[in-house]
Amino acid sequence: MKKMDRKLANRYFKERTRYMIIYFVVWFIVSYGVVLFAEPLSGFTLNGYPFHYFMGAQGAIVTFIILLFINASVSDAIDKKYGITDSSDKRLRRGKVINN
Amino acid sequence: MDTQFFVSLLVILASFAIYIGIAIYNKARATSEFYVAGRGVPAVFNGMAIGADWMSAASFIGMAGTIMLLGYDGLAYIMGWTGGYLLLTFLLAPQLRKYGRYTVPEFIGDRYDSHLARFIAAICTIIISFTYSIGQLSGSGVVIGRLFEIDAKLGTMIGVILIAFYAAFGGMKGITWTQVAQYLILISAYLIPVIFMSLQLTGNPIPWISYGEIVGKMGELDRELGISEYFAPFTNDTKWQFIALMLTLMAGTAGLPHVIVRFYTVSSMKAARWSGAWALLFIGLLYLSAPAYAAFSRFILMTNVAGSKITELPEWTQPWIDTGRLQLADENGDGILQWNELIISNDIVVMATPEIANLGVFVIGLVAAGAMAAALSTAGGLMIAISSSFAHDIYYRVWKPEATEKTRLNVARWSIAIATLLAGLIALNPPGAITQIVAWAFALATGTFFPALVLGVWWKRSNSKGVIAGLLVGLIFTFSYIFAAKYGGFTILGITDTGAGIFGAVAAFLTNIIVSLTTEEPSKKIQEEVMDLRYSEQMVFKDGEVWMVNGNKKT
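First to last, the sequence lines map onto chains A and B. Note that the numbering used here gives residue 69 to position 69 of the first sequence, counting from 1, and the numbers run on in steps of one. Note that the numbering used here gives residue 60 to position 60 of the second sequence, counting from 1, and the numbers run on in steps of one.
In short, the hints are calculated from the structure, not lab data. Hints may contain errors.
Where chain A lies over chain B, by a calculated footprint (3+ residues, C-beta under 8 Å) [claimed, not checked]: (1) 83-90; (2) 209-219; (3) 233-243; (4) 278-286; (5) 527-540; (6) 543-549.
Some chain A residues near chain B, calculated using beta-carbon distances under 7 Å [what the hints assert, rightly or not]: (7) Phe44; (8) Gly56; (9) Ala57; (10) Thr63; (11) Ile65; (12) Phe69; (13) Ala72.
No residue lacks a Cβ here, since even glycine has one placed at the ideal position from N, Cα and C.
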């Protein structure tokens, strides 16, 4: 175990948090944003659906899935940047896991 | 008892044989090289298992029917039950994984260092899981009722016995590969009818593309009938109800004890993130199809069934009238069934549509098997959440720490039996549609666990007095609002019982924060443990410094 520069650790946390805030802003716009402005948005049609209906039935869900995959791979990249590797992951988890 | 009965029964029994077969095979393997080889289940399959665990009778049996009857307003369920995975995967799952406890009451008890908080959290788990299981039993009643062509009440009673056995048999739940099989059966049972209907109605086998056309056509039919258009927003409820319901379902997803537990069993924080992403992809497959299912069902009912002579109704109608969930009455006596004379319960739409569309005995049987997989797998998980909260968190940790393992196991079995029976009694006369009952469980989770967990993970200043007050206030607020809205007709901004969680959550957050700030700080050890959750598993926060654990060869 070795001490890590406090500034570096803070930067790690801040970087992770910044991305998370971006994801939540997108999350909010595609779901709550569209619902709030459903009436004016219903004027457009997309692929045969009124736009507000399309977002509720398909657009929002696809966006959520994409955001989760982006988060998973971006988080991996950030971990790598700060020198956190998967091999150490595997060592650590021993003894902490219950059988599933 | 016709061909349909035997085919459906056969498909259901065959699917059960697969689950049991996998369970036995895995048990046999577990004793040999299974442990030695390391137990990492790839995140993809873990995602499928989470999907099977998560998708209950509400998603499978209830949701499409709810959307069919509510139109656009029903889409709050679609966005709510998927969008919650972002809250769960960003804010809670990896952090709770790092903390390393096995149940939600355990996390709350240890993080806040309070037996009372643990006890209240266990009670909340029991209440939430119990409410949720009423919906599952009601769903199994619909499936079994149709299968044997009996009243859904009798079907529910058979379901109670099945689920009690299933949960007590234990081994079935928690084995990832059994759940992977359940997911595959569940999703094919859902997609095959939608794809067939899409082909029948539009000639295009890809329902997600083709149903836009149907939605448009239905708008025209609705205008002719003089009712509000299918896709028109906020025709049944207010905009605020839509938003409150969506928020309740999202926050509830992140606070449901039996869902969170699934993330404790993944191997690392990284695996928690990837499992969450895969899970939502697999869940999304069903959720993207539910509005298509709803649109096709409604279109077929409007064009093929409404308008036919009351004396020449198709064969499929009688068994469903027998279950008590379908009413066809020629009210104006013109000998023809009009659209408004057809009353169909939300909960039979998914089960009845393959029959209405004449998709053949095998597809109908498969849908029944899929519905049973959804109801049983989730009910099993809920019963285990209830019994572990009672037998482990209350009985063993608080009440009788000297109890032997054997007594604890007996207590666990009895709590499953009693909980199933009680839930079954309520499900005999379900107090609402399946999606509605399940939405109450989400409202309760939103009002209690969501604030307690989010503040517990992200705010080190939150203390035991804050969480105890927060949990109690949230629980009481949510409960009172559900009852006042459902039975007293009391609403704020048109927000009904299903959106109650938003009030509970606001009250619980405020209470937790105010009480925490006016009482003493948690101990230094606890504050450091909370700070530690900000960092990845290789980084440890200790004595105000961050330490890097060197697991790799470079030491």
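Results of checking the hints against the structure:
1. Counting residues of the region 83-90 of chain B whose C-beta sits closer than 8 Å to any C-beta of chain A gives 5, which meets the bar of three, so the coverage hint holds.
2. Counting residues of the region 209-219 of chain B whose CB lies closer than 8 Å to any CB of chain A gives 5, which reaches the minimum of 3, so the coverage claim holds.
3. Counting residues of the region 233-243 of chain B whose beta-carbon sits less than 8 Å from any beta-carbon of chain A gives 5, enough to reach three: the coverage restraint holds.
4. Figure legend: the region 278-286 of chain B, annotated as covered by chain A; annotation consistent (3 residues with Cβ-Cβ distances under 8 Å, at least 3 required).
5. Here's how the region 527-540 of chain B fares: 7 of its residues keep a CB closer than 8 Å to some CB of chain A, so the rule of at least three is met and the hint holds.
6. Given a C-beta distance limit of less than 8 Å, the hint that chain A covers the region 543-549 of chain B holds, as 5 residues qualify and 3 suffice.
7. Taking 7 Å as the C-beta contact cut-off toward chain B, the hint placing Phe44(A) at the interface is violated, the least distance being around 12 Å.
8. At about 4 Å, the closest approach between the beta carbon of Gly56(A) and any beta carbon in chain B falls short of 7 Å, and the interface hint on this residue holds.
9. With 7 Å as the threshold, the beta carbon of Ala57(A) comes within range of chain B, its nearest partner Cβ sitting at about 4 Å, so the hint holds.
10. The interface hint given for Thr63(A) is broken, as the beta carbon of that residue sits about 9 Å from the closest beta carbon of chain B, more than 7 Å.
11. Interface restraint check: Ile65(A) against chain B, minimum CB-CB distance 5 Å, threshold 7 Å, status holds.
12. Residue-level restraint check for Phe69(A) holds (minimum Cβ-Cβ distance to chain B is 5 Å; threshold 7 Å).
13. This hint holds: Ala72(A) has a C-beta 4 Å from the nearest C-beta of chain B, less than the 7 Å allowed.
Comparing the model with each earlier hint shows violations of hints 7, 10; every other hint is respected.
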